[in-house]
Structure formats: C-alpha cells, structure tokens
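There are 2 protein chains.
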Amino acid sequence: MADPRAKKRLTTRSTNNESKRFVPVKRPERLVKQLHRLLEAKSTRKIEAILIRLHPADIATILPIMRMAEARQLLKDLFRLRKGAATLRELPGSFVDEVLDGSDPVMIAEFARRLEPDDAADILQELDEEPLREVLQILDIDEVRELNALMAYPEDSVGAIMNPSFVALPMTATVDQAISRIRAEGDRLKRIHDLYTVDELNCLTATVNMHSLLLAAGETPLADLVDKNVLSIQTDAPEDEAADIIQKYDLLALPVVSSDGVLVGIITVDDIIDMMEEAATEEMYNMAALDEDDRIFSSPLRSVALRLPWLSLNLFTAIAAAFTVGLFETTISKVVALAAMMPIVAGMGGNAGTQTLTIVIRALALGELRPVNARQAIVKEVTVGFTNGIVIGLMAGLVCWLWKGEWWLGLLLGVSLILNLCMAAIGAATIPLILRRMKLDPALGSSIFLTTLTDIFGFFTFLGLASWLIPYFGIS
Amino acid sequence: MADPRAKKRLTTRSTNNESKRFVPVKRPERLVKQLHRLLEAKSTRKIEAILIRLHPADIATILPIMRMAEARQLLKDLFRLRKGAATLRELPGSFVDEVLDGSDPVMIAEFARRLEPDDAADILQELDEEPLREVLQILDIDEVRELNALMAYPEDSVGAIMNPSFVALPMTATVDQAISRIRAEGDRLKRIHDLYTVDELNCLTATVNMHSLLLAAGETPLADLVDKNVLSIQTDAPEDEAADIIQKYDLLALPVVSSDGVLVGIITVDDIIDMMEEAATEEMYNMAALDEDDRIFSSPLRSVALRLPWLSLNLFTAIAAAFTVGLFETTISKVVALAAMMPIVAGMGGNAGTQTLTIVIRALALGELRPVNARQAIVKEVTVGFTNGIVIGLMAGLVCWLWKGEWWLGLLLGVSLILNLCMAAIGAATIPLILRRMKLDPALGSSIFLTTLTDIFGFFTFLGLASWLIPYFGIS
Chain A
1 MADPRAKKRL TTRSTNNESK RFVPVKRPER LVKQLHRLLE AKSTRKIEAI
51 LIRLHPADIA TILPIMRMAE ARQLLKDLFR LRKGAATLRE LPGSFVDEVL
101 DGSDPVMIAE FARRLEPDDA ADILQELDEE PLREVLQILD IDEVRELNAL
151 MAYPEDSVGA IMNPSFVALP MTATVDQAIS RIRAEGDRLK RIHDLYTVDE
201 LNCLTATVNM HSLLLAAGET PLADLVDKNV LSIQTDAPED EAADIIQKYD
251 LLALPVVSSD GVLVGIITVD DIIDMMEEAA TEEMYNMAAL DEDDRIFSSP
301 LRSVALRLPW LSLNLFTAIA AAFTVGLFET TISKVVALAA MMPIVAGMGG
351 NAGTQTLTIV IRALALGELR PVNARQAIVK EVTVGFTNGI VIGLMAGLVC
401 WLWKGEWWLG LLLGVSLILN LCMAAIGAAT IPLILRRMKL DPALGSSIFL
451 TTLTDIFGFF TFLGLASWLI PYFGIS
Chain B
1 MADPRAKKRL TTRSTNNESK RFVPVKRPER LVKQLHRLLE AKSTRKIEAI
51 LIRLHPADIA TILPIMRMAE ARQLLKDLFR LRKGAATLRE LPGSFVDEVL
101 DGSDPVMIAE FARRLEPDDA ADILQELDEE PLREVLQILD IDEVRELNAL
151 MAYPEDSVGA IMNPSFVALP MTATVDQAIS RIRAEGDRLK RIHDLYTVDE
201 LNCLTATVNM HSLLLAAGET PLADLVDKNV LSIQTDAPED EAADIIQKYD
251 LLALPVVSSD GVLVGIITVD DIIDMMEEAA TEEMYNMAAL DEDDRIFSSP
301 LRSVALRLPW LSLNLFTAIA AAFTVGLFET TISKVVALAA MMPIVAGMGG
351 NAGTQTLTIV IRALALGELR PVNARQAIVK EVTVGFTNGI VIGLMAGLVC
401 WLWKGEWWLG LLLGVSLILN LCMAAIGAAT IPLILRRMKL DPALGSSIFL
451 TTLTDIFGFF TFLGLASWLI PYFGIS
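So the sequences go chain by chain: A and B. Counting from 1, position 236 in the first sequence corresponds to residue 236 in my numbering; the numbering is continuous, with no gaps. Counting from 1, position 120 in the second sequence corresponds to residue 120 in my numbering; the numbering is continuous, with no gaps.
Calculated from the structure, these hints are not laboratory results. Accuracy of the hints is not assured; some may be wrong.
Since the list gives no way to pick out one identical chain from another, each pair is judged satisfied if it fits inside one copy or across any two copies.
[Claimed, not checked] With a cut-off of at most 20 Å between alpha-carbon atoms, the simulated SDA-like pairs for lysine to any residue come out as follows:
1) K404 / T317
2) K33 / R370
3) K439 / V230
4) K248 / F316
5) K248 / G93
6) K33 / A69
Note that this is a predicted model, so its numbers are computed, not measured.
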C-alpha cells in the first residue's frame with residue numbers, strides 16, 4: 001500500500017528547512033539591532049547563518065520593525081535561502097506592498113510559484129499594475145490562469161481567500177486510488193485535511209476524513225467511508241461567513257463550491273485564525289474611527305494622515321455641542337454652577353453609552369443580535385439605562401445638593417442624568433444597526449457618533465431644563 | 001494493513017447522529033417560539049423530531065435564549081437522544097452553570113463520560129461543591145482521577161484546557177504499530193492531528209504527521225518520518241500563550257509537556273478559536289469597563305448589577321472633573337463663552353485619546369508592543385498627538401474667533417487643544433502599560449481612566465489659561 005518515494009517527497013517538499021530545529025525569537029529588538037549592524041558591515045555570511053535558524057513566522061515579526069531598505073535586502077537574502085515565500089506569507093498585507101516595491105519581478109514570480117495559490121494571489125494583489133504585468137509575463141500560462149481566477153473574486157469573498165488545491169474523487173474510487181491521488185498531488189497540498197467525493201459534474205457530494213482513510217482496507221470504496229453531512233460555502237459568500245461556519249462546527253477545512261455546486265476550493269482553519277485576529281482589530285479600530293493601516297509603529301506622519309479626517313469630523317460634531325451650550329449662555333451667566341455640572345451629564349452619558357455600544361457591536365459580530373431581535377435588545381438596554389440613570393442620578397443629585405446647597409440644582413442634575421442615560425442606551429443600541437442598514441460596518445466611527453449624541457442631548461436637556469426652572473428657583 | 005471493524009467503529013463512534021444531514025437554523029427566534037409551543041403542549045415526539053435534525057452547535061445557540069425551565073427540559077430530551085453532551089460542549093460556561101443547576105447527577109456524570117476530558121472538566125468546574133461530589137461518586141475511579149488532574153490546573157492555564165488524549169509511541173515503532181494504536185484509542189480521539197514520539201521516560205521527542213503516516217509503508221519505523229522540530233508548551237503556561245503559538249506557526253495541535261518534559265496532552269486549534277473569540281470580547285469589554293457575563297440578552301437586572309459599580313467609579317471621576325471646572329466659576333462668570341468651548345477641549349481629547357488607546361491595547365494583545373519598545377511607542381503617539389493638535393487647534397481656534405469675535409479666545413482654545421491632545425496621547429499610551437505592570441488586564445476600565453484624565457487636564461488647562469489671560473484681554 002505504501003510507496004517509499006512518497007515519504008521522501010514529503011520531507012523534501014518543504015523548501016524552507018522545516019526539518020531543522022528553529023531558534024525562537026525572544027527579543028526581536030535585540031535581533032533587529034544585530035541584523036542592522038551586520039547589514040552595515042555587509043556580513044552576508046553571518047546574516048545567512050542567523051536567518052537559516054529562524055522560523056519564517058518569526059522573521060515576519062522582525063521585518064516590519066526594520067528600516068525599509070534593510071527589510072528589502074533581507075528579503076533578497078531570504079529568497080536566496082529559499083525562505084522568502086514562506087516569510088512573505090506571514091507578513092501583513094500593507095507591509096508586503098511596501099517591501100516588494102521595486103523588487104525584481106523574477107523574484108516575485110518565484111515567490112508566487114512557491115506559495116499556495118491563495119497566498120500568491122493575496123501578494124500579487126498588493127502590486128501595482130505595471131509590476132504585476134511583469135510578474136505575470138514570467139509565470140506559466142497555467143499559473144497565470146489559476147491566479148487570475150482567484151484574483152477575479154471580489155475582495156473579502158470566500159473565492160478570494162480559498163485554496164484551489166484539494167483532492168476530489170468519485171464515490172466509487174477505492175482507498176488505494178485515493179492514496180495514489182494524494183501522492184500525485186502531494187506537492188500542491190500543504191496539509192491534507194479531508195478528501196472530497198464529487199459526482200460526474202464535479203459537484204461536491206461528501207467528505208472522507210483522513211482518519212477513516214488511514215484505518216480502512218485498500219480496496220474499500222470511498223462510498224463506505226463518506227460523511228454525506230457535508231457543509232460547504234459558495235465562492236461569492238463573504239469570508240466572515242466561512243469563518244463563522246468553521247468556528248461554529250469546529251471544522252479543519254470547509255469546501256467551497258461555485259453557484260452550480262462544483263467543488264472549486266477549500267478554506268482551511270489557519271486562514272480563519274488570521275482572519276479572526278484581523279476582524280477583531282478591525283472591529284475595535286472601526287469603533288474608535290481608526291484606519292486599519294494605523295499601527296503602533298507606523299510612521300507618525302502616516303498616523304496623522306489617517307487620523308486627521310476622523311478627528312476633523314469629530315471637531316465638527318464637538319463644535320455642534322459647543323453651539324448647543326452657546327444657546328444657553330444667558331442661563332449659565334445667571335447660575336454659573338451649571339457649567340461645573342455639565343461635564344457630569346455629558347461624561348456619564350458617554351461612558352454608559354459606550355458600555356451599551358460595545359455590547360451591541362460584539363453581539364452583532366458574534367451573530368447574537370440580528371434585525372429580528374433588535375427591538376428586544378433596544379428595550380433591554382433602555383431599561384438598563386433608565387435603572388442605572390435613577391441610581392447614578394440620585395447619587396449625583398445628592399452630591400450636587402450638598403456641594404452647591406441648592407436642592408433644585410441637584411434635582412435638575414439627577415433628572416438630566418436619567419434622561420441622558422436613556423438617550424445613550426437608545427443611541428448606542430441603534431447607531432450600529434443604522435450603520436449596518438447603510439451597508440457600513442456597524443462599528444464604523446460609532447464612538448464619535450455616540451458621544452456627539454450624548455453631548456448634545458445632555459447639554460440641551462440639562463441647560464434647557466435649567467432655563468425653564470431658573471425663573472422659579474434661581475437668581476433671576 | 002486495514003481492519004474492516006475499524007471503519008465501523010469510526011462511523012458509529014459518534015453518538016450524536018453526525019452521519020445524518022443537519023438542517024441549519026436560519027431564524028432561531030422562530031424556532032424558539034415553536035419549541036415553546038410544543039413544550040407547552042407536551043408534544044415530546046415532535047420536539048424530538050426537531051432536535052434530531054439540528055446540529056449541537058445550532059441547539060447551543062437556541063438554549064440560552066429560551067426560558068431556563070424550558071432549556072432544562074430540552075437538555076433532558078437531548079440526553080435521551082444522546083445529543084446532550086455535544087450540545088453542552090458548545091454552550092457558554094456561565095449558561096452551563098445555570099442550566100445544569102438541580103439536574104440529575106446521573107445525567108451529568110453521563111455527559112462527563114461522553115465528552116472529551118478537557119470539555120468534561122470545564123463543565124464539572126461550573127458545578128457547586130455538593131452536586132460535583134455526587135457526580136464524581138457516580139464516575140469510575142479512573143475517570144475521576146483524570147478529571148481531577150485536569151481540574152487541579154489553575155484556570156486559564158494550558159493544563160486546564162488541554163486534551164489528555166493523544167497517541168504517543170517510541171521512535172522505534174513502525175507505521176503498522178502506530179495504526180493499531182490509533183485503532184485501539186479510536187474512541188477517545190476526536191480527530192487525529194499528529195502522532196507523537198516519546199523516549200523511555202515518556203518525554204516528547206518528535207511529531208509524525210498523519211499525511212506521512214498515510215503514505216508510508218507499514219514496516220517503516222517512525223524514526224524515518226518524524227519531524228524533530230517540535231514545538232511544545234508547559235502545563236503551567238497561560239492559555240493565550242498556546243493560542244499565540246498555534247496561530248503564529250499555523251499548527252493544528254500543540255503538544256503539552258510537564259515541567260520535566262513528559263508529554264501529558266495536546267491543545268487543538270478548535271479550542272484556540274473559541275478562546276480567541278472570547279479574548280477579543282474580553283478585550284473590548286474590559287476597555288469599556290464591562291463584565292464578561294454582561295451580554296445583549298442578559299436580564300436587565302443582571303446587566304444593571306454588573307455595570308453599576310463601574311458607573312459609580314465613573315461618577316466619582318466625573319465629579320472630580322466638575323470640581324475642576326468649579327475652581328474657575330469666577331472666570332466663567334466673567335467670560336461665559338468659555339463654558340461653550342469647554343466641551344470641545346474635553347471631547348477632542350477624549351476621542352483622540354481613544355484612538356491611541358485602541359492602537360496601544362491592540363498592539364499589546366498582538367504582542368507588537370512590549371516593555372522594551374514602550375518608550376518608542378509613547379514618543380510616536382505624542383508626536384502624532386502634537387501634530388494633530390496643531391491642525392485641530394488651528395481649525396477650532398479659527399472657528400472660535402469667527403464665532404465669538406475674540407482672537408485671544410480662539411488662541412486659548414487652540415493652545416488648550418494642542419496640550420490636551422498631547423496629554424491624551426501620553427495617557428492613552430501609558431494607562432495600558434501601567435495596568436499591565438499592576439498585573440491587571442491592560443484594557444481594564446482604560447477608557448474611563450483616559451476620559452477622566454483628558455476631562456480634568458483639558459478643563460484645568462483651558463480654564464486655568466483663561467483665568468491668567470483674562471486680565472489682559474477679557475472683561476475684568
């Protein structure tokens with residue numbers, strides 16, 4: 001049943017010295033400095049000795065914190081050591097773009113060949129039109145066809161991230177036939193997850209897991225081993241839907257089918273993990289109105305350029321809040337203590353609202369909150385806001401009364417807090433739903449929109465009620 | 001080489017009808033209502049017909065949104081259908097606790113038996129002391145020993161989440177021997193990931209992947225197939241370290257060793273995925289000062305109880321900000337326009353700071369930011385804050401000058417914005433680092449601490465500078 005060559009092929013298949021023991025990187029900063037010194041001294045031999053002993057995933061954590069010219073030089077060294085493609089695969093997309101800028105198309109083409117097609121397509125997509133054309137001219141027609149097919153799928157769709165390498169056989173094939181096929185495809189398959197059976201039109205019919213293949217007799221037909229309860233996803237589905245399915249049903253791989261059911265690829269669990277980490281970052285970033293390319297060690301100028309548009313929008317909304325206060329300047333000039341209480345009303349509304357906002361955005365991301373139960377969620381959050389408002393309003397009102405010696409001022413503060421915490425709950429529960437309805441990310445800038453709402457509503461309620469009450473209680 | 005019984009064992013191994021096609025749940029609310037009606041009518045037969053066709057992962061999304069008494073009844077039905085354990089495994093821990101409260105210990109013991117030991121330990125850990133003792137009395141001594149060993153590891157440690165079922169053999173064993181062992185252990189192994197080789201002291205020496213086992217001849221010694229470049233983790237390491245390794249090196253399983261190198265378990269990629277989703281939720285929740293049990297459909301009373309402590313702390317800090325303003329009431333009474341500008345200074349500081357805070361917290365979670373490069377991060381963020389402050393300060397100052405007709409008021413607002421945006425950057429970059437130094441989660445309540453800082457500093461700078469400038473420019 002076994003072929004001794006097969007083993008050999010498997011161990012030599014990896015082009016990046018996977019069989020050697022890697023030295024884990026404990027202090028990347030120190031290594032960056034060391035590489036910097038060696039690059040200055042042009043000690044290529046020593047640099048190679050270091051790179052050989054590092055895992056591509058570790059090299060990928062170092063390159064982005066080096067100077068760009070040095071990172072480009074190291075990538076060339078890695079290419080020579082046949083570790084460039086594996087490293088490239090681990091690098092963040094925005095950095096790949098920069099580090100490959102101006103690189104030799106022959107090197108990029110070679111990277112594309114050594115990568116799995118989905119990873120190669122990801123990297124080529126980062127290139128500009130002209131370098132991309134040069135790279136595609138170097139590749140074989142078959143390779144170009146496969147890559148073009150992947151690149152044609154819309155970004156963030158299942159088709160764009162799927163791996164088109166898999167093993168599919170008819171139900172009537174035997175275990176021995178399946179194993180020969182795995183051997184033949186060996187080079188193209190990173191890690192076998194499951195086998196798939198297809199009908200005469202190449203439509204997906206069932207899966208066979210490796211476990212049962214390993215334990216079955218050679219002449220057993222696959223039909224005896226298949227699990228027909230096969231989950232699949234269409235190429236045009238959004239990638240996060242694939243992530244949800246893999247996560248929910250604990251799959252190692254999910255088959256991808258075209259609109260007519262033809263098996264065209266698989267999505268594997270390791271792709272999903274990277275995607276989940278990115279999705280979590282994106283969610284938090286969107287909430288705070290940040291661009292996803294804005295990282296802790298991006299250049300300051302880049303961070304400024306990415307943040308200023310949102311901060312300008314925020315300034316506009318802050319000025320609107322200031323105008324609201326401006327409407328009541330006469331009232332404030334009569335009872336200047338109002339100015340001191342204003343931040344309590346606005347601040348508590350903002351922070352209580354942020355709590356609800358976070359819960360709503362998380363629930364949307366986890367699929368717990370959907371249009372059908374949105375009303376229930378809003379009612380719940382307003383109930384919580386109202387109850388918290390009563391407690392917080394009572395405490396704040398008492399403090400205010402004791403501090404300023406005016407019971408009506410305390411009452412005013414308390415009532416305004418109750419109203420603003422209710423408004424905060426309504427806003428926080430609806431802003432993400434409105435953004436989603438507008439086909440935007442439900443977290444996008446939600447924090448800015450929410451604080452605008454709680455500021456303006458808080459000031460308007462507090463100062464408006466004060467204007468109305470002052471003739472009865474205050475200094476006229 | 002193959003044993004026909006093996007295949008049979010594999011397909012009947014699953015006790016939850018995995019071989020039938022499951023109907024995916026599109027509208028859980030509708031299903032909840034239907035089940036509610038059937039439970040009222042005591043139509044057990046119809047309920048069973050529905051439950052049989054649902055995947056345990058789908059049932060787990062429905063139970064938490066049902067009434068507790070109904071959820072408990074359904075769990076009993078699921079137990080009878082031999083789907084209870086698989087469903088329990090997918091439920092959130094806080095809900096498992098409630099739904100098992102008062103359940104028959106015999107049923108819980110049976111669940112524990114059918115689950116993988118790590119999942120069983122998770123569930124038993126949710127029980128109170130008395131029911132736990134009853135359950136352990138029902139289980140066999142071997143089962144209890146294994147579960148007790150797992151439960152003895154500290155929560156959130158690798159030991160507590162590892163799966164103690166794996167296949168380990170000496171390096172000298174052959175492929176055929178390995179396959180017989182897999183057969184013998186078949187029932188206890190959910191999904192084979194890799195095989196491990198151990199020395200005579202049971203210390204981990206290498207891994208053999210399924211792929212190479214499948215393709216090798218039966219008499220091949222494992223020594224010819226092993227990959228000695230094996231990553232492992234110790235039982236007492238924190239679970240997120242295991243997640244980082246699995247994610248970084250794209251592993252399907254990571255072997256776990258005791259402090260003396262003995263192989264004691266594995267952590268699999270599906271455990272990590274659930275953990276990552278939880279970690280992302282925790283991070284966002286901590287930032288907004290939310291308790292992790294506070295979900296969109298928790299009872300309002302529970303949400304109130306969980307949020308009030310943090311909101312009370314927040315009220316305390318808001319009052320501190322109010323006192324800051326209170327110090328300058330005389331100044332405000334002279335130039336009441338100051339009151340209108342206050343929210344711009346505080347609001348812009350808060351939102352610009354939240355951007356930095358989000359970037360810093362994400363970078364800490366992703367391991368990009370560590371104590372050694374913290375200073376570099378602070379310098380960068382302050383540079384960004386200063387630059388943004390100049391642009392925003394200039395725009396806001398101009399608007400203020402045009403609106404109020406006083407150039408010195410515009411200048412005052414602009415300078416205060418520059419200073420507050422710098423302070424926001426310093427605060428946002430250091431608060432998470434301070435929290436981490438205090439052995440707290442770096443995100444914990446960070447948003448409240450940050451807005452307190454930007455409010456108090458913003459008011460103090462703006463009103464303080466105003467008090468100093470007014471004698472020169474303002475109405476005295």
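Against the structure, the hints come out as follows:
1. K404 / T317: between (31 Å within a copy, 18 Å between copies)
2. K33 / R370: For K33 and R370, the Cα distance is within 20 Å only across copies (16 Å; inside one copy 50 Å).
3. K439 / V230: neither (31 Å within a copy, 45 Å between copies)
4. K248 / F316: neither (42 Å within a copy, 42 Å between copies)
5. K248 / G93: between (27 Å within a copy, 16 Å between copies)
6. K33 / A69: Within one copy only: 14 Å inside a chain, 63 Å across chains, cut-off 20 Å.
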